[in-house]
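Residue numbers (my numbering), protein chains in the order written: chain A, 1 to 174; chain B, 1 to 174.
Just so you know, the hints here were simulated from the structure itself, not pulled from any lab data. As the structure is a computational prediction, the values presented were derived from the model and not from experiment. Note that beta-carbon positions come from the ideal geometry of N, C-alpha and C, so glycine has one too. Wrong hints could be hidden among the right ones.
[Said to hold, decoys possible] Which chain B residues face chain A? A few, computed with CB under 8 Å, are given here: (1) A8; (2) D23; (3) N25.
[Said to hold, decoys possible] Anything over 12 Å on all C-beta distances counts as not near chain B; from chain A, calculated: (4) D24; (5) S90; (6) R92; (7) A150.
2 protein chains.
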Amino acid sequence: MQSLQEKAAEWSGVETTLAFAIDDNGGGANLFQKLGLQTFINLSTNFYDRVYNDEEEWFRSIFGKSKKEEAIQNQYEFLVQRMGGPILYSQRRGHPALIARHGAFDVTHEAAERWLHHMQQALDSTSDIDDESKIKLINFFRHTAYFLVAGVESRNQNQMPCKNASGSHPCKNF
Amino acid sequence: MQSLQEKAAEWSGVETTLAFAIDDNGGGANLFQKLGLQTFINLSTNFYDRVYNDEEEWFRSIFGKSKKEEAIQNQYEFLVQRMGGPILYSQRRGHPALIARHGAFDVTHEAAERWLHHMQQALDSTSDIDDESKIKLINFFRHTAYFLVAGVESRNQNQMPCKNASGSHPCKNF
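Please put together the full structure from these sequences, using the hints given.
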């Protein structure tokens, strides 16, 4: 039985080491220090402007119950924190708890691909993101998107039985 | 409807700001730099030695399906990462995804208190942890334990309906 991490690597095509190259700054500036708060605000605004205007209703409707401004803030605060900046997200909302917080959404392979399509475009059209950082970020996003697909899928398949799961039960892979 | 964060603060008696004082190093060394890898290994070993030898069978059995060595490694790698050290946990297992990864366990108020009882003892009997760091850590642990109680409880109460939750549904608090 594959772990969430292994599924994420297989489905996304991004190896774990590559996904977490965001943390590998060779002793220099981390991605937050390199890009700064405003760049992450711009990236998340650019991204959600695209998402909330998506021509595909099935995709747009996944986000329809949240306010765009909140979605933007949640995302840039998470990214700032994850990329080595101040712990803005946790101070306001607690632990990221990525899978649990996405449990209400239909995180399918198709949704992950459409999310990544918009993020690639947002990255390409946000100024001040150098090419090396762009590659690190998209690898992180690809791997994370499929980590969520794997996590939410696994939750939906194994709701209550998890509590008394035996050694070979899929829940043991969490 | 309370958020997970608000429930955690109320149930644990630890305000959010206090819980995340672990990140507040006043520009100096963070908790990982202050305490070092070996201290976190010692703390987690000390903690799980107590847990796996607990006289309370109901509590001990929560952990019975995992190997002690794995539990120790998962915990110290998470702590090292969370306290500002290398991203050991994510590189091996992906995002912490705390609530999802605890979904298979019976995270009740009683279990949280017993967990915290052992952690307090482990902190007190692990050398090289100064008093200020000890207080920061136990506040973080108390808040996090109840954040998990709130998260797992909320998941169990709202399994599939979350997917189509309306604005007032508890799921919207994730």
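Each hint tested on the structure:
For A8 (chain B), the shortest C-beta to C-beta distance to chain A is roughly 6 Å, which falls under 8 Å, so the interface hint holds. Given hint, D23 (chain B) at the interface with chain A, holds; its Cβ is 4 Å from that chain's nearest Cβ, closer than 8 Å. Below 8 Å, beta-carbon pairs count as interface contacts, and N25 (chain B) has none with chain A, the closest being about 11 Å; its hint is therefore violated. With a minimum CB-CB distance of about 9 Å to chain B, D24 (chain A) fails to clear the 12 Å threshold, and the non-interface call is violated.
Its beta-carbon lying about 6 Å from the closest one in chain B, S90 (chain A) breaks the requirement of being farther than 12 Å from that chain. Non-interface call for R92 (chain A) relative to chain B: violated, since the shortest CB-CB distance, roughly 8 Å, does not exceed 12 Å. The non-interface label for A150 (chain A) is inconsistent with chain B: the shortest C-beta to C-beta separation is roughly 9 Å, within 12 Å.
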